[in-house]
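Listed below are the residues making up each chain.
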Amino acid sequence: DTGVSQDPRHKITKRGQNVTFRCDPISEHNRLYWYRQTLGQGPEFLTYFQNEAQLEKSRLLSDRFSAERPKGSFSTLEIQRTEQGDSAMYLCASSSGQAHGYTFGSGTRLTIV
Amino acid sequence: EDQVTQSPEALRLQEGESSSLNCSYTVSGLRGLFWYRQDPGKGPEFLFTLYSAGEEKEKERLKATLTKKESFLHITAPKPEDSATYLCAVVSSGNTPLVFGKGTRLSVIA
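Listed in order, the protein sequences are those of chains A and B.
Just so we're on the same page, the numbering used here is the position in the first sequence counted from 1, plus 8.
Just so we're on the same page, the numbering used here is the position in the second sequence counted from 1, plus 97.
Looking at chain A on its own, in the form it has when it is part of the complex (with noise of 0.2 Å):
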């Protein structure tokens, strides 16, 4: 078991360009979560997953978020038409319970230029 995996590490893009990023959870989980952080804030719930079944969603996720884990492995989230504000780290965490501590990821810095 090799914790939770997130890919890429750093990711620099334009304005309004599309970014998708993904997250390889700890096989034994059927929990997944996606948080986002900025610099000097704790990390802020975005979505998260049942096996393959998205449970529930942050006000947070605008429409231009999307995220899908088929067949209940790994995940991925998109951003669509990417803003300033999207600059942030993107972390991935998995449990196997919901009063289970999560197993975070190192998360995906994303930087907008």
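Be aware that a few hints might be false.
Lysine to aspartate or glutamate pairs mimicking EDC-like chemistry, simulated, CA-CA at most 16 Å apart [said to hold, decoys possible]:
(1) Lys139/B / Asp15/A
(2) Lys65/A / Glu76/A
(3) Lys165/B / Asp99/B
(4) Lys199/B / Glu52/A
(5) Lys176/B / Glu112/B
(6) Lys156/B / Asp179/B
Hints were generated in silico from the structure; no laboratory data involved.
Add chain B to chain A, keeping to what the hints say.
Then chain B, alone, in the frame of chain A:
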């Protein structure tokens, strides 16, 4: 709505100078309170889970305690390698995912 407030925002300690970080929370039925450590440019690393008031957990120089309104992370005789941001988070009975505080940025000076 679940809320977590951490204080202080930043703390600077001399090596060996013990101190405590505070996490105050407001939730509708606490199911668990979590402490994480985060190094710059990395994801949060799990430290402790506390489930009920009066519970305590220890790991090396760190000790976490929990009351009905707050949690403390006590750092005894810290070393420079303890420098990091310490995040507190809660999960409530509303089946919502972890809600995080803004963190306390700890610097330990040799």
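Verification of the supplied hints:
At most 16 Å may separate the alpha-carbon atoms for a hinted pair to count; Lys139/B and Asp15/A meet this at roughly 13 Å. A hinted pair counts as satisfied when its Cα atoms are at most 16 Å apart, and Lys65/A with Glu76/A qualifies at roughly 12 Å. Under the criterion of a C-alpha separation no larger than 16 Å, the hint pairing Lys165/B with Asp99/B is consistent with the structure, at around 14 Å. Taking the CA atoms of Lys199/B and Glu52/A, the gap is near 10 Å; set against the 16 Å cutoff, the hint holds.
A threshold of 16 Å between alpha carbons decides the hint, and for Lys176/B with Glu112/B the separation of about 5 Å falls inside it, so the pair holds. Proposed proximity of Lys156/B and Asp179/B is supported: the alpha carbons are some 12 Å apart, at most 16 Å.
In this structure, every one of the numbered hints holds.
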